[in-house]
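Asks: Kindly generate the complete structure, drawing on both the sequences and the hints.
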Amino acid sequence: MSSSTRDAAAQMTDAAMSLLESLDPDQRAIALWPFEDQAERERWFYTPTDHGGLTLSAMTPTQQRLAHRLLASGLSRAGYVTASTIIGLENVLDQLEGFMSDWGRERGRDPGLFYTRIFGDPAGEGPWSWRFGGHHVSVHHVILDGEVVGSTPLFLGADPASSPLLGPHPLRPLAGVEDLGRGLVRSLDEGQRRMAIVAGVAPVDLVGANRSRYGQAPGDLPLDLASVWRTRFEGELDERLLSFHARAVDESGLTSEHLEAVRLDQTPRGLAASAMSDDQRNMLRSLLDLYVGRLPDDLASLESIKYASQEALGGLAFMWAGGLEPGQGHYYRIQGIDILCEYDNTLSGANHVHSVWRDPHRDFGADPLAAHYRRSHA
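UniProt numbering numbers the first residue of the sequence shown as 1 and each following residue consecutively.
Since the hints were derived computationally from the structure, they do not count as laboratory data.
It is possible that some hints are incorrect.
Computed beta-carbon distance windows for the label pairs [claimed, not checked]: (1) S286 x S3: 25 to 35 angstroms; (2) E125 x G327: 28 to 38 angstroms; (3) Y373 x S309: 26 to 36 angstroms; (4) P61 x L242: 19 to 29 angstroms; (5) P25 x D279: 16 to 26 angstroms; (6) S309 x R193: 22 to 32 angstroms; (7) Q310 x Q95: 45 to 55 angstroms; (8) G191 x A312: 16 to 26 angstroms; (9) D250 x E125: 46 to 56 angstroms; (10) S212 x R374: 18 to 28 angstroms; (11) S227 x R105: 12 to 22 angstroms; (12) R65 x D297: 32 to 42 angstroms; (13) E251 x R65: 22 to 32 angstroms.
No farther apart than 20 angstroms at their CA atoms in a straight line, the calculated lysine to any residue pairs in the SDA-like style are these [claimed, not checked]: (14) K306 x D279; (15) K306 x M59; (16) K306 x P360; (17) K306 x S274; (18) K306 x N282; (19) K306 x R285; (20) K306 x M283; (21) K306 x R6; (22) K306 x A272; (23) K306 x H361; (24) K306 x G336; (25) K306 x D289; (26) K306 x I337; (27) K306 x A275; (28) K306 x Q280; (29) K306 x P368.
Each residue gets a CB set at the ideal place from its N, CA and C atoms; glycine is no exception.
Replies: Below, the structure written as structure tokens:
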């Protein structure tokens, strides 16, 4: 590791300690959790459900500021601005839905319902981690021996993906990952498209969904929307979600063949980067940078450099499903042995984006923690 990971860890530690010190005992009981609770530590969501932790609405204004300071310590400036904008979109979505959505709580779309939870003792000797999550935001960092050893899953979404502003330019928090992805697939020649485009219809959600581990045999297919919540609803709310999912599948024309084509396992599918032109590989690098660039700059640089060589980049594959025109539902993923970037935009007339960066070896700090425990028990 490098001084970059230590500097980032120090900032996160300071921010986490400041937040914890501001909390009263009841708040701490919700916000501070045992690191050993692996099941909870590796639980994550992107739906408007209970993400686990202390909500912004349960904090004083000073505590809210400290929670945002912690969030900002784990993101680049652009990443924090994007996440903050996504939080604010809850008000926009509430208006679009007639200020009536509830999702089993007093206000279904609520910028106050973003949750912070810290696992372990930031001031102690052992590993610790923190999580900030709410609708369309899920940020995780694991710190071990004073270094950041895991920063994934890192999810950002937007609903609506595009909203009007005064003036000619719309508000599009995740415009880059959509436009660069589409630009890359449209740059492909006919032969390359035959390899990259695996289905004419996109899945209606991320294929890996919110699984703690993705791509386990025999491979993942999308979950129904009612399953991507902490607790499954009962009665009318559950029926509403199931009906919404079925309608989305129906309207898109999605079939089992389309789903099978996008099954997610540990083998990258689609067009190998080694089969791209230099210009296309540069586009792929730029697209990757929009995922790893969510991290603080020094941490992002350590991730970007992994794909600086043609050989390393050549081990990635780019896959697309769905239409190629704006407004058409679409899905793509970039996959290699230690990276997955997954994106979809199908719901709400292809105006509802999900995007996530994952690492099968470092999600929730998995491999570094396993090595740490092996050493400590040797």
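Asks: So, for every hint listed, does it hold in this structure?
Replies: Tested hints:
Checked against the given bound of 25 to 35 angstroms, the beta carbons of S286 and S3, roughly 27 angstroms apart, stay inside it. As the Cβ distance of E125 to G327 is approximately 54 angstroms, the hint placing it in 28 to 38 angstroms is violated. Taking the beta carbon of each, Y373 and S309 are about 32 angstroms apart, inside 26 to 36 angstroms as hinted. Checking the proposed 19 to 29 angstroms range against P61 and L242 shows it is violated: the Cβ atoms sit about 39 angstroms from each other.
Taking 16 to 26 angstroms as the suggested C-beta distance range, the pair P25 and D279 does not conform, at roughly 58 angstroms. The supplied range of 22 to 32 angstroms is met by S309 and R193, whose beta-carbon atoms lie about 26 angstroms from each other. Q310 and Q95 have their C-beta atoms about 48 angstroms apart, which keeps the hinted 45 to 55 angstroms range intact. With their beta carbons about 24 angstroms apart, G191 and A312 fall inside the hinted range of 16 to 26 angstroms.
Against the hinted window of 46 to 56 angstroms, the Cβ-Cβ separation of D250 and E125 comes to about 55 angstroms, which satisfies the hint. With their beta carbons about 21 angstroms apart, S212 and R374 fall inside the hinted range of 18 to 28 angstroms. Hint check: S227 to R105, Cβ distance near 19 angstroms, so the stated range 12 to 22 angstroms holds. Checked against the hint of 32 to 42 angstroms, the C-beta distance between R65 and D297 comes to roughly 22 angstroms, which is inconsistent with it.
In this structure, E251 and R65 break the distance hint of 22 to 32 angstroms, their C-beta atoms being roughly 43 angstroms apart. Among the hinted pairs, K306 with D279 is consistent with the structure: their alpha-carbon atoms are about 19 angstroms apart, no more than 20 angstroms. Proximity of K306 to M59 is assessed by CA-CA distance (about 40 angstroms); at most 20 angstroms being required, the pair is judged violated. Restraint check for K306 and P360: the C-alpha separation of about 15 angstroms stays at or below 20 angstroms, so the hint holds.
Restraint check: the Cα-Cα separation between K306 and S274 comes to about 15 angstroms, which is no more than 20 angstroms; the hinted pair holds. The straight-line distance between the Cα atoms of K306 and N282 is roughly 14 angstroms, inside the 20 angstroms bound, and the hint therefore holds. This hinted pair checks out: K306 and R285 have alpha carbons roughly 11 angstroms apart, not beyond 20 angstroms. About 16 angstroms separates the Cα atoms of K306 and M283, which keeps this hinted pair within 20 angstroms; it holds.
For the hint pairing K306 with R6, the CA-to-CA distance comes to about 19 angstroms; that is within 20 angstroms, so the pair holds. A C-alpha spacing of about 17 angstroms is found between K306 and A272, which places the hinted pair at or below 20 angstroms, so the restraint holds. Taking the CA atoms of K306 and H361, the gap is near 14 angstroms; set against the 20 angstroms cutoff, the hint holds. For the suggested pair K306 and G336, the alpha carbons sit about 12 angstroms apart, so the restraint of at most 20 angstroms is met.
Among the hinted pairs, K306 with D289 is consistent with the structure: their alpha-carbon atoms are about 11 angstroms apart, no more than 20 angstroms. Note on K306 and I337: the hinted pairing holds, with a Cα-Cα distance of about 12 angstroms set against a maximum of 20 angstroms. In summary, the hint linking K306 to A275 is supported, as the alpha carbons are separated by about 19 angstroms, within the 20 angstroms threshold. For the proposed pair K306 and Q280, the alpha carbon gap of about 18 angstroms is at most 20 angstroms, so the pair holds.
Distance restraint check for K306 and P368: the Cα-Cα separation of roughly 17 angstroms lies within the 20 angstroms cut-off, and the hinted pair is therefore satisfied.
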